[in-house]
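Chemist: Each chain is listed here by its residues.
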Amino acid sequence: MSNKKKWLTAGIAMLSVMTLAACSNSKSSNSGTTKHISLPASYTGSGKATTAGNNSTLKVAEVNDAPFAGISSPTLSTNAEDQDVFAPGGSQWGAIDGLFNVTKNYKIINGGLANLKLDRKAKTATITLRKDAKWSNGSKVTAKDVEYPYEIIGNKNTTSQQYSSDFAAIKGMAAYHAGKAKTISGFTYPDGQKGRTVVIHFTKMSPSMQYLGNSFIWQSVEPYEYYGKTPISKLASSPKVRKNPIFTGPYKLDKVVQGESTSWSPNKYYYGKKPQIKNITIQVVSSNNIVAAFKSKKYDFAAGGPNVVMPSSQYPKVKVLKDYTETGIPAMGYSYFGFNVGHMNTKTGLNVMDKNSKMGNKNLRRAMMYAVNVDAVAKKFGNGLSWRANTLIPPTFKNVYDSKTPGFKYNMKKAKSLLNKAGYKKQGKWRTDPNGKKLVIHLGAMTSSAATEATYQYYLQQWHKAGLNVKMTTGKPMEMNSFYSTIQKPKQNKIDVFLGAWSTSSEPTPTQIYGVDAPYNMGHFASKKNTQLLNSLNSNKAWNAKYRAQQFKKWQRYMNSQAAYGPEQFNLAWTPVNHRVKGYDVNAQNNEFWSNLSLTAANPK
Amino acid sequence: MWKTILRRILIMIPELIILSILVFLLAKAMPGDPFTGSINPRASQAQIHHLMQIHGLYDPWYQQYWNWVVHLFHGDLGMSYEYQEPVVDLIKQRGANTLWLALFTMVLTYLIGLPLGIYAGRHEGKFQDTLVRVYTYVTMSIPFFVVLVIGIWIFGYALNWFPTSGSISAQASGLGETLISRLGHIILPGLLGALFGTVNIVQYLRSEVIDAKHSDYVRTARSKGVPMKDIYRHHIFRNSLLPIAAFAGYSITGLLGGSIFTEMVFSYPGMGLLFLNAINYRDYTVITALVLLYGFLNLMGTLLSDIALSIVDPRVRVE
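In order, the protein sequence lines correspond to chains A and B. For reference, each letter of the first sequence is one residue, going 4 to 608 in this note's numbering. For reference, each letter of the second sequence is one residue, going 21 to 339 in this note's numbering.
These are calculated hints, taken from the structure and not from any lab test. Be a bit skeptical, because a hint or two may be false.
Below are the DSBU-like pairs computed for lysine-lysine, each with C-alpha atoms no more than 35 Å apart in a straight line [to be verified]: (1) A/Lys-143 with A/Lys-320; (2) A/Lys-358 with A/Lys-300; (3) B/Lys-48 with A/Lys-474; (4) A/Lys-531 with A/Lys-174; (5) A/Lys-407 with A/Lys-207; (6) B/Lys-233 with A/Lys-159; (7) A/Lys-412 with A/Lys-350; (8) B/Lys-48 with A/Lys-497; (9) A/Lys-350 with B/Lys-48; (10) B/Lys-48 with A/Lys-159; (11) B/Lys-112 with A/Lys-62; (12) A/Lys-232 with B/Lys-146; (13) A/Lys-608 with A/Lys-320; (14) A/Lys-300 with B/Lys-112; (15) A/Lys-124 with A/Lys-110; (16) A/Lys-407 with A/Lys-441; (17) A/Lys-298 with A/Lys-276; (18) A/Lys-237 with A/Lys-120; (19) B/Lys-112 with A/Lys-258; (20) A/Lys-183 with B/Lys-112; (21) A/Lys-479 with B/Lys-48; (22) A/Lys-407 with A/Lys-350; (23) A/Lys-107 with A/Lys-412; (24) A/Lys-557 with A/Lys-532; (25) A/Lys-107 with A/Lys-556; (26) A/Lys-232 with A/Lys-185; (27) A/Lys-401 with A/Lys-258; (28) B/Lys-23 with A/Lys-243; (29) A/Lys-365 with A/Lys-497; (30) B/Lys-112 with A/Lys-246; (31) B/Lys-112 with A/Lys-281; (32) B/Lys-112 with A/Lys-361; (33) A/Lys-412 with A/Lys-440; (34) B/Lys-112 with A/Lys-494; (35) A/Lys-243 with B/Lys-48; (36) A/Lys-237 with B/Lys-112; (37) A/Lys-237 with B/Lys-146; (38) B/Lys-244 with A/Lys-246; (39) A/Lys-62 with A/Lys-126; (40) A/Lys-365 with A/Lys-441.
Just chain A, same shape as in the assembly (with noise of 0.2 Å):
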């Protein structure tokens, strides 16, 4: 008896090692570097491409812990999973049913689904679709399919999320979407509704419309034949969404496993390249597998393209798998700190700074900007693949983002001096504020992964050597919900500090998040130099590339100089690229993404 109670004992214990090995990450080194890995945005595997192996499915894994929704209309979609699962129905990434080519800045340039010619005196923008473009099912692709997403988006019984106050520009638009009439006016077709030609008649012209992303120009097609008498409102849920959907694109839809893949074969009416590989499958994978799921060769990359989500914890584990080379591009995001410094009028729907405010000094905030060292942040927790963010503006626009700025380096004795300097003196262990007050500052955060709130806790720590009493509202992480519905009133004292991240559309114009007008402006930062700012970048001189950038530039110097929003971090959007691929290329000027792809063997290899 006694040696079978030895040989369970023996058996519980060797269980829970192997338990441990399963569920602890396994600590990288990286060692000294204190800036960010580069890696490539494309690869190309060696060899030629086989016929057995473009007969064969190219795998994608999208990575994602819940089902994805399967609304496969841009314009009614509402989460970047189902933007990935119906990617090869556009011929770029996240253009799913696109009109317009772009260079490497998302610029909009002529030869694809359509051309874009903007009219500065007119103020119009004219569309002129191609002369072979056609859907998946064979039919044309007409004029009132480039309108119709207006309708869909400005419709008042729409459960489409897009609808923004720029829409208004169009003429007519306000009205239509007030319910007021029953067309958009703005719009008017030289050769007729099933012709080639929209045109898009504006009260006012902005230099964004530029760009692929712009929140005046909606940037891709909906089947009007197709969807037939389907309600607005029903489209959402109507099977020539979520099942048999049709694409402009190089790839058709062969079959749909709701929540959980997609897959495809060649788009034979597709107008541009002609695709190579056979059949793609695109399939949710957890977060949790996704390394295993590479390593035992299931998938050639991580769908998501420039946005990619692969976690940066598992990319030490990616980094030694023989057969996959990595990946990545800035991802078109950044996270902040934000400060509140004041509220909205909900009247006027203005946002005002509050010079009393806690937060209201601007010294008082730089110094908890200069307090923390986010450089050290990223490196322990980043795995060299985020980094501090100096500005607002992403990396990946580099026309516009300013790479000179400094931002906030972490310099603990500039934190203290600037404190001092502006009157937050010490008064046994705590700072007062300048009139002798005692000073609570309350940080605001989401729940999140085990590395973000030992972060949180590092930032405490860090102010606290300031001698700034900061605390968590309600003691720890929020969840969600309870954190934006609080930072989302229009006036609130709970948080001082928060933590936020934005992502960007691909065009990086700021004023919906920063304006003196923008809900999203959660600190409420509102000064006539950032207005002045914010309307340069898109003012009528701001037609001159170089002056818009210029004024981008300042913009961003003035916003550090203000710290009402400090930079946290920027990361690279990354994936493995098994070596059986060839083309994967995500820069923005590949507007052939999935024609340019090509595989050299059955298998992943």
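Please arrange chain B on chain A, whose structure you already have, making use of the hints.
Modeler: Okay, now just chain B, sitting in the frame of chain A:
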């Protein structure tokens, strides 16, 4: 007995009404709304208000509740905000996935658990008994998600025997292929669930068998010279099933509950993940529908268990 069943069912009605009101109120009391944090910064605040309005989210709760009840009686549980499709369709899809997996797991669990329990009871105190007990202790003490992670790692990724993601292959077509692909996807999670979920059955059955073995009627039967095999089959087994029958009802209705762990690890779109996400995203319509469904199933479960018990044990009569 029929009277009793009818009465029990009638009592369910007020119970469900109270439950639905509670759930409805609690769901609305959670901070945030279906659009919190999900809207892109380009959408205007006015658009959010507009969406809230057309979904009736600004109406007083009793009005929202009443609308919901009226729709309910038309078989309409509303639209999911997150998935933008009717909740009924959503539950049908996910429910089917969950049912497949859970049924498979349950059948396997009983197939493994029943013989093991009897075997262990029969060999009480012997080597075989210890072996079975060690097996149940080990399976019980390892957290299930660890089992899943290790299982998928060994059999899914390292050995490549089973698919690792989803409920069906993306390329399966035709009835035969679809069925085989579906089955292939549930074998591993089902087997793991069964192998590591037998402890209740085995332990209950074992102790019942041991009890029965020492009872007077077994001794009498043995003294009459009835062969051991027959004693087990006719006397012990049936009596030992009592506690298992007592929770059989629950396990049948629990089939639709889904397992969050299994669904997460295997990216299996079932009811567990649906419920979890609905709470995270404040998908009110889905939350209320699911809680009500689970409430109903639980009430049914108790009823079924009582009925099952009365069938197995003629002494117990529901009156």
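Chemist: The structure should be examined with respect to each hint, and the outcome stated for every one.
Modeler: Evaluation of the provided hints:
1. Restraint check: the Cα-Cα separation between A/Lys-143 and A/Lys-320 comes to about 48 Å, which exceeds 35 Å; the hinted pair is violated.
2. Taking the CA atoms of A/Lys-358 and A/Lys-300, the gap is about 58 Å. The hint is violated against a cut of 35 Å.
3. At most 35 Å may separate the alpha-carbon atoms for a hinted pair to count; B/Lys-48 and A/Lys-474 meet this at roughly 29 Å.
4. For the proposed pair A/Lys-531 and A/Lys-174, the alpha carbon gap of about 29 Å is at most 35 Å, so the pair holds.
5. Distance restraint check for A/Lys-407 and A/Lys-207: the Cα-Cα separation of roughly 33 Å lies within the 35 Å cut-off, and the hinted pair is therefore satisfied.
6. Under the criterion of a C-alpha separation no larger than 35 Å, the hint pairing B/Lys-233 with A/Lys-159 is inconsistent with the structure, at around 74 Å.
7. Note on A/Lys-412 and A/Lys-350: the hinted pairing is violated, with a Cα-Cα distance of about 40 Å set against a maximum of 35 Å.
8. A threshold of 35 Å between alpha carbons decides the hint, and for B/Lys-48 with A/Lys-497 the separation of about 22 Å falls inside it, so the pair holds.
9. Proximity of A/Lys-350 to B/Lys-48 is assessed by CA-CA distance (about 27 Å); at most 35 Å being required, the pair is judged to hold.
10. For the proposed pair B/Lys-48 and A/Lys-159, the alpha carbon gap of about 25 Å is at most 35 Å, so the pair holds.
11. Taking the CA atoms of B/Lys-112 and A/Lys-62, the gap is near 28 Å; set against the 35 Å cutoff, the hint holds.
12. With a C-alpha separation of about 74 Å, the suggested pair A/Lys-232 and B/Lys-146 falls outside the 35 Å cut-off, and the hint is violated.
13. A C-alpha spacing of about 18 Å is found between A/Lys-608 and A/Lys-320, which places the hinted pair at or below 35 Å, so the restraint holds.
14. For the hint linking A/Lys-300 to B/Lys-112, the alpha-carbon distance of about 33 Å falls within 35 Å, and the restraint holds.
15. Of the supplied pair hints, the one linking A/Lys-124 and A/Lys-110 holds, its CA atoms being roughly 20 Å apart against a limit of 35 Å.
16. A threshold of 35 Å between alpha carbons decides the hint, and for A/Lys-407 with A/Lys-441 the separation of about 38 Å lies outside it, so the pair is violated.
17. The straight-line distance between the Cα atoms of A/Lys-298 and A/Lys-276 is roughly 32 Å, inside the 35 Å bound, and the hint therefore holds.
18. Distance hint between A/Lys-237 and A/Lys-120 is fulfilled; the C-alpha atoms sit about 33 Å from each other, no more than 35 Å.
19. For a cut-off of 35 Å, the pair hint linking B/Lys-112 to A/Lys-258 stands: about 19 Å separates their Cα positions.
20. A hinted pair counts as satisfied when its Cα atoms are at most 35 Å apart, and A/Lys-183 with B/Lys-112 does not qualify at roughly 39 Å.
21. Distance restraint check for A/Lys-479 and B/Lys-48: the Cα-Cα separation of roughly 23 Å lies within the 35 Å cut-off, and the hinted pair is therefore satisfied.
22. For the proposed pair A/Lys-407 and A/Lys-350, the alpha carbon gap of about 40 Å is over 35 Å, so the pair is violated.
23. Between A/Lys-107 and A/Lys-412, the direct Cα distance comes to roughly 30 Å. Compliance with the 35 Å bound is thereby established for this hinted pair.
24. Taking the CA atoms of A/Lys-557 and A/Lys-532, the gap is about 11 Å. The hint holds against a cut of 35 Å.
25. Using a Cα cut-off of 35 Å, the hinted pair A/Lys-107 and A/Lys-556 holds, with the two alpha carbons roughly 19 Å apart.
26. About 15 Å separates the Cα atoms of A/Lys-232 and A/Lys-185, which keeps this hinted pair within 35 Å; it holds.
27. For the given pair, A/Lys-401 sits about 39 Å from A/Lys-258 by alpha-carbon distance, which is inconsistent with the 35 Å threshold.
28. The straight-line distance between the Cα atoms of B/Lys-23 and A/Lys-243 is roughly 49 Å, outside the 35 Å bound, and the hint therefore fails.
29. At roughly 19 Å between alpha-carbon atoms, A/Lys-365 and A/Lys-497 fall within 35 Å of each other, so this suggested pair holds.
30. A C-alpha spacing of about 16 Å is found between B/Lys-112 and A/Lys-246, which places the hinted pair at or below 35 Å, so the restraint holds.
31. With a C-alpha separation of about 33 Å, the suggested pair B/Lys-112 and A/Lys-281 falls inside the 35 Å cut-off, and the hint holds.
32. Between B/Lys-112 and A/Lys-361, the direct Cα distance comes to roughly 52 Å. Violation of the 35 Å bound is thereby established for this hinted pair.
33. Distance restraint check for A/Lys-412 and A/Lys-440: the Cα-Cα separation of roughly 29 Å lies within the 35 Å cut-off, and the hinted pair is therefore satisfied.
34. A C-alpha spacing of about 43 Å is found between B/Lys-112 and A/Lys-494, which places the hinted pair above 35 Å, so the restraint is violated.
35. Proposed proximity of A/Lys-243 and B/Lys-48 is supported: the alpha carbons are some 33 Å apart, at most 35 Å.
36. With a CA separation close to 19 Å, the supplied pair A/Lys-237 and B/Lys-112 stays within the 35 Å bound.
37. The suggested pairing of A/Lys-237 with B/Lys-146 is violated, with an alpha-carbon distance near 66 Å, which exceeds 35 Å.
38. Only pairs whose Cα atoms come within 35 Å are accepted, and B/Lys-244 paired with A/Lys-246 is rejected, the gap being roughly 69 Å.
39. Note on A/Lys-62 and A/Lys-126: the hinted pairing is violated, with a Cα-Cα distance of about 45 Å set against a maximum of 35 Å.
40. For the given pair, A/Lys-365 sits about 18 Å from A/Lys-441 by alpha-carbon distance, which is consistent with the 35 Å threshold.
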